[in-house]
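Peer 1: Listed below, chain by chain, are the residues.
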Amino acid sequence: MNLNATLLGELIAFAVFVLFCMKFVWPPLINAIEARQKKIADGLAASDRAEKDLALAQDKAKDQLKDAKAQAADIIEQAKKREAKMLDEAVHKANAERENILAIGRAELEAERNRLREELRKQVAALAVAGAEKILQRSIDEAAHSDILEKLVQEL
Amino acid sequence: MAAGEELTLSSHIQHHLTNAKMCTVDGSVAFNKACSEAGFWTWHVDTLAWSIGLGLLFLWIFRSAATKATTGVPGKFQCFIEMVVELVATNVKDTYHGKSKLIAPLALTIFVWVFLMNLMDLIPVDFLPAFAGFVGEQALGMDSQDVYMKIVPTTDINLTAALAIGVFILMIGYSIRIKGVLGFIKELTLHPFSSKNVPLQIILIPANLLLETIALVAKPFSLALRLFGNLYAGEMIFILIGAVGLAQLPLHFVWAVFHILVIVLQAFVFMMLTIVYLSMASSDNH
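Chains as they are written, first to last, in my numbering: chain A, 1 to 156; chain B, 1 to 286.
Errors might be hidden in some of the hints.
Think about it this way: if two alpha-carbon atoms lie no more than 20 Å apart in a straight line, the pair counts; the simulated EDC-like pairs of lysine to aspartate or glutamate are [to be verified]:
#1 A:K39 / B:D94
#2 B:K93 / A:E83
#3 A:K23 / B:E82
#4 A:K38 / B:E82
#5 B:K76 / A:E34
#6 A:K39 / B:E82
#7 A:K38 / B:E86
In short, the hints are calculated from the structure, not lab data.
Starting from the given sequences, assemble the full structure and let the hints guide the process.
Peer 2: Shown next as structure tokens:
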């Protein structure tokens with residue numbers, strides 16, 4: 001063994017290397033590693049949470065879909081009922097209208113018939129008077145015999 | 001084999017196992033063989049240059065990853081660096097239970113630096129020394145036999161001892177910081193033999209001190225010598241394989257494949273033992 005001054009030189013070099021490594025090499029590397037480990041752990045936890053959330057959301061969506069379907073069926077049912085009711089009402093209304101219109105028509109018809117009958121009667125009376133005049137040849141005084149004529153008209 | 005060849009072979013091996021030295025003789029800078037009398041104040045320039053160069057390479061690679069580090073999706077380079085960091089961080093977390101800002105970067109530095117230095121062992125043994133010899137001959141006009149270049153810094157006991165001494169200083173520092181000076185002295189003197197009888201305990205102190213001191217000092221010794229021994233032996237075998245002609249090709253391949261395991265393992269073992277020793281130094285329960 002020949003130990004010599006090289007040992008001192010190496011000792012100093014060793015100390016300097018270790019100090020440099022301690023100050024400038026180790027901390028940034030280990031910090032980067034630990035920060036990444038934390039990131040990955042957080043990411044994994046977040047993905048777990050997201051999975052749970054997804055399952056929950058799916059359940060919720062299923063429930064909501066069920067509710068919506070039930071509601072839709074309800075609404076359709078109601079609509080059908082209302083439709084039937086409205087149809088019924090419309091039929092009733094139309095019937096009433098028809099009756100109304102028919103009644104008015106009948107009344108008008110009646111009035112017209114009455115009017116026509118009256119007119120006919122008057123004309124017949126006039127004809128009768130004219131016929132009688134012709135028969136009696138001015139012998140009848142219209143004024144004097146108006147009562148007879150009235151009676152005649154009434155009998156027609 | 002003739003005597004001359006043997007001499008050539010052994011000098012070849014000797015040449016490979018000699019560091020490039022630098023020292024001051026009589027106030028002027030001298031190199032290599034001129035330094036044989038310089039004693040302690042000799043510098044192994046190749047060990048220093050390669051180890052510091054590789055250390056800077058390590059810091060540069062990891063620093064460039066650190067500045068570009070993103071908490072988002074990492075690139076391939078960042079992934080690779082983070083794998084190494086993660087490996088070290090996991091081992092530190094599993095072994096060292098206290099809180100320390102130093103242990104993990106220390107472990108990372110040791111692991112990667114020692115690994116890179118060990119990795120030099122896989123470069124064919126003659127390449128760089130021969131290249132250095134060529135450069136020395138052409139540029140400096142030296143005899144290529146006088147240019148030494150040992151490229152694996154961990155085969156130099158000075159480097160492994162420096163690492164171990166660094167760890168040893170930290171061990172004592174952590175012991176004193178966690179347990180206090182008194183606690184540290186108590187640990188050295190009142191275990192493993194303890195007694196509630198005070199006079200008996202006092203008698204036992206020398207034995208305890210001896211055992212605990214040996215146990216304490218054995219740690220840096222084993223650290224330094226394990227790494228040095230493994231790599232030195234591996235390097236020696238590479239050199240021997242390099243000396244057997246064409247047969248070296250399959251042999252070299254097999255030994256290199258095996259050595260890939262050794263260099264990673266030795267770096268890892270050095271790192272782990274550092275963590276364990278520091279963990280023991282900072283734990284109170286004896």
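Peer 1: If a hint holds in the structure, say so; if it doesn't, say that too.
Peer 2: Comparing the hints with the structure gives:
{"no.": "1", "hint": "A:K39 / B:D94", "result": "23 Å, violated"}
{"no.": "2", "hint": "B:K93 / A:E83", "result": "81 Å, violated"}
{"no.": "3", "hint": "A:K23 / B:E82", "result": "17 Å, holds"}
{"no.": "4", "hint": "A:K38 / B:E82", "result": "15 Å, holds"}
{"no.": "5", "hint": "B:K76 / A:E34", "result": "18 Å, holds"}
{"no.": "6", "hint": "A:K39 / B:E82", "result": "16 Å, holds"}
{"no.": "7", "hint": "A:K38 / B:E86", "result": "15 Å, holds"}
Of the numbered hints stated above, those contradicted by the structure are hints 1 and 2, listed in ascending order.
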